[in-house]
Amino acid sequence: MKNAWNRREFLKTASQATLAALAAGAPMSSLLTSCARSKPIDTSTADTVILLWMAGGMAHTETFDPKKYTPFEKGMEGNRVLSTFPSVPTVLDGISFSEGLQEIGKVMDKGTVIRSYVAADLGHILHSRHQFNWHTCYEPPQTVAAPHIGAWIAKELGPKNPVIPAFIDIGQRFTVGEAEELKAFHTAGFLGNEYGPFFIPDPSQGLDSVRPPIGMNLKRFEARNKLYKELTSTSPIGEYGSDYQKESLQRSMEQAYSLLHSPESAAFNLLDEPKESYDAYNTGRFGLGCLLAKRLTKQGARFISVTTEYEPFFGWDTHDNGHTRLAAMKKQIDRPIAQLIRDLDESGHLDRTLIILASEFSRDMMVEGRPELKVKEQVNQPDILHELKYYGMHRHFTDGCSVLMFGGGIKKGFAYGKTADERPCKTIENPIKIDGLHQTIYHALGISPDTNYDVEKRPFYTTPDGKGKAVMDLFA
Amino acid sequence: MALPTLSSNLLRYSLITGILLLSGYFYINKEEKAPISDPNDLNQLNIEARTIFAHHCYSCHGEVKSKGGLQLHTKAAAFAGGDDGPVIIAGDIDKSELIRRITLPHSHKEYMPSKGEKLTKDQVQTLIKWVEAGAPWSDSMTTSVYRLAPFEHRLPKVPTPKKGLTNPIDLFVDVYFEKNKVQWKDPVADPLFIRRVYLDVLGLLPTPNEIKAFNEDKNPKKRDRLVKTLLSKDTVYAQHWLTFWNDLLRNDYSGTGYITGGRSAITPWLYESLTKNKSYDSIVHQLISPSEPSAGFIKGIQWRGTINASQRVEMQAAQNVAQVFLGLNLKCASCHNSFISDWKLEDAYGFANIFAEEPLEIYRCDQPTGKIASNNLLFPSLGKLKETNDRMERLKDLAGLLVQEKNGRLSRTFVNRIWAQFMGRGFIEPLDFMDNLPWDQDLLDWMAFDFVRNDYDIKKVMYQILTSKTYQQPSVAFEEPEKLISKDYVFQGMVRRRLSAEQFADAISKAFYPVYTDSNFVKKHFPQMNDIKSPFVRASMVKNDIFMTALGRPNRENVGASRNSQSNLIQALEVTNGQILNTRLQLGSEKWLLSNLSKDQLTDSLFLNFLGRTPTIRERRATNALLSEKPNGSEIQDLVWALTLLPEFQLIY
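These protein sequence lines are chains A and B, in that order.
Just so we're aligned, residue 13 is where the first sequence starts under my numbering, counting upward by one.
Just so we're aligned, residue -13 is where the second sequence starts under my numbering, counting upward by one.
Hints may contain errors.
Selected chain B positions facing chain A (Cβ under 8 Å, derived; list incomplete) [to be verified]:
hint, residue
1, Thr242
2, Glu465
3, Arg484
4, Ser551
5, Ile556
6, Arg604
The hints are simulated quantities; they were obtained by calculation from the structure and are not laboratory data.
Note that the coordinates shown come from a computational prediction; the quantities given were computed from them, not determined experimentally.
Note that CB positions come from ideal geometry on N, CA and C, so glycine has one too.
With the rest of the complex left out, here is chain A:
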């Protein structure tokens, strides 16, 4: 196995890839001019990023920032309810999580909980707009196609291991509601397809994406490739000379072949995982996504997103039965996330792997939007609760959300920011917005805060106008 890459070798490959990407660029559109500033001394603290995406709006008071617990009673007043679960202490003094997240609570000595993320004000809530904002740092619509954060990272750093795609997106299908809006940000935008996501909608089928087509054995696959290469080299068009289109076509076919043929592709096969470990992760698709993320990280992935999957009114998008459904969601995420942290810690990868857990916004039982700027209601939530289905955080709340970070230079056993203990449970200390969050990630990776490209002669920055600032307090 040639899984031991070294940084120098990688940098060589990456810069070749970057050059190649440029050389292979479109006539016109993808020839980007960037700030070709001299490389600063490498101050990075991470090489790999894993984003654990809690799609649909994860209520902070029901997860990582619990408030006073009020059990359900018929006829109770909704306004009294801040949390529908009791709190359980974590390994950190004075930090409790909502019941059902004990496993993550046990690994908090390896990471930081941020309790002061403030989502953007985008008016009448549409999840996919906030998700667009979270992943690109821009508010839609935009005059140019904004790249996903994973694409920026792929563009700036290239793949860590040349045969593992630099941006891997696990778990999201595009056959769901709001699919078009989801597609709009699962893209490299103006950076070019090259840096776009490599989709693995179902982690248990990950291998299918990186092996010869179904029904084709390796022998046949090799014979087919041999024929392709022979026909290419004997083709009479050789006389027309070389051009960048032909070069890029042949080069990318080579790359694809080596990926599909490489020992690393075994990393995509979850059945290779020892049963005990497989079972530890297997809480469903999200859990298996975490397992795949672990395996790919070990083989040198650059950016991986694992989502609980967004589908309107499913997952964390609880317009009803919030309490009951959150119990199930926590079951889905608690064990595999904790296992992922532990496994990467044990193997030594956590030091250079930044793991972030986040959601597009939080939820509340009463407030839609934020207290000072309420927006159009879209959830039927009675003031007096007669049925259990109304017991839960059903409205979309943007003024206080929780984010977790582990590894990659982030402080261990740390809590940052604060929300109010009484409704509205909004951010009251160290607010952090999306550009700060992105710049924190870029900082960890050693990507300059004013990275930008000229698009239609205008500079387009990683964060709007290059203004975001990394939150240095989060770093160890």
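Please build the complex by placing chain B on the supplied structure of chain A, with the hints as guidance.
Frame of chain A, contents of chain B only:
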């Protein structure tokens, strides 16, 4: 930390000397310096220096941003300097921090500009001269630092016919070739020509029979005739050109905004316009002053919720109309005064205001200014809008003014796009920046004028190009795409291109087995079509999918003028083991198996279908190594897969 003064000076002097030697200037040293005193020279220097500031410095040191506290867009700000004091000391290059910074080695962390293009040696020299001459900054300067292309038409005289050339395009190109020392080459042979013109007009490969008949045709006018025939295939033509127009007008069958009614498609109208070869001025008029079926273009895309002021739908309309029809970028100016052109925030709002029900309040960088916009047509030569509160009335007025014959910009912008479609590169690049210089102004101007003279007949422009010797020149390969857009680009013939995602899928559909069929067809967008007679559905008429996306079909959220023709890993993986292509190849091989072909018959037919020729001996040797005497399904499938990935198949030569 700055370098010690002495060494930095030494460094700079050696640099400057080097520059001077290289650029052939004679350096006047301090003692014998004769200051420039002619006011005209001073003003010229003033303009040149400020042009450099505008193009290279404003994006960080301008109206919007003031990195290090420095702004260079006004006299007062420039001489006030930055946080660490003045940067320009008139007459003293040694004390001028600005000169120190721009003469540092590029790798130095204090080198300026730290972003974007480096200054050329001439530009550095200009700034040095400017400071030495006392840094003249005249506010009475009227000449703009940005080029604005002429608005009016211009009709250059067609050069006298010679060397058997008669098509005015060839005559202009002939003059251009002579000037640039380019030799005419023999036109491409029939097989290349027929493939090229089929793909360019109809987006499809010619069948082996069509190629054979064309090769055997002895009529000297056969190429002309072929072009005419293809252009007259209205439906097939429309189905190919849909792709170009959909990209340009960001029209699609799915995408953001539809979910909340914040977007409307214009497909039925567009398809009919193309089928009937509607004149370009009518197309533009109907998009800007629309009835229901063509209303989607200026309607824009609105997701739910509030949006950034610079992206309100009226502003989207202004940006897109300016970009698509006038090759003008207003996006910068819709947030603040542009730093890439003379367009001001008020101009952009003034133009957007025309599309608004109620007068718009001007927002600067998303903050309200309290000022209300007043209508602005951008180009005074367009005339004046009538005063009216009726939006539809106003839009009709606007549409009429834009399509006036005298609007040279409108037709130049479009002719440039069509040229780029056939030739792989426009006269002017990027296609949306029509204030850049063309490689040949005369030819562009003549074509734009001729377009109007021919009542904006789109097919006539196409005919003019496709029947030129110029179009029939061998394709030109570029090893590096940078050269394609460089200022030194010299036109030598069609630039080699790659099949679009749609052409690629259709070529496979036609040569082997349908990639898309009736079940993929977005029927409701094509109410005119009762049934698909062809065995396959054109890829231009299906929703975007992972296969199309991988091959470069854009998600049409923004206006797109050109596509990426590079290949990449994501794309290679999709064609190597992606489900869509793989399934089609498998189904196709099962169908072909039924024909019970021998090894040679199969190879011959597939090569003919895909490449328009039979295999060479060496190719046959390669295929023989894979195929059994009676090839089975997997063998057929694998041969076809290899063929689809050959550069000869994927590129337009």
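Please write out, lowest number first, the hints stated earlier that are contradicted by the structure.
Going through the list in order, the structure violates no hint and respects every one.
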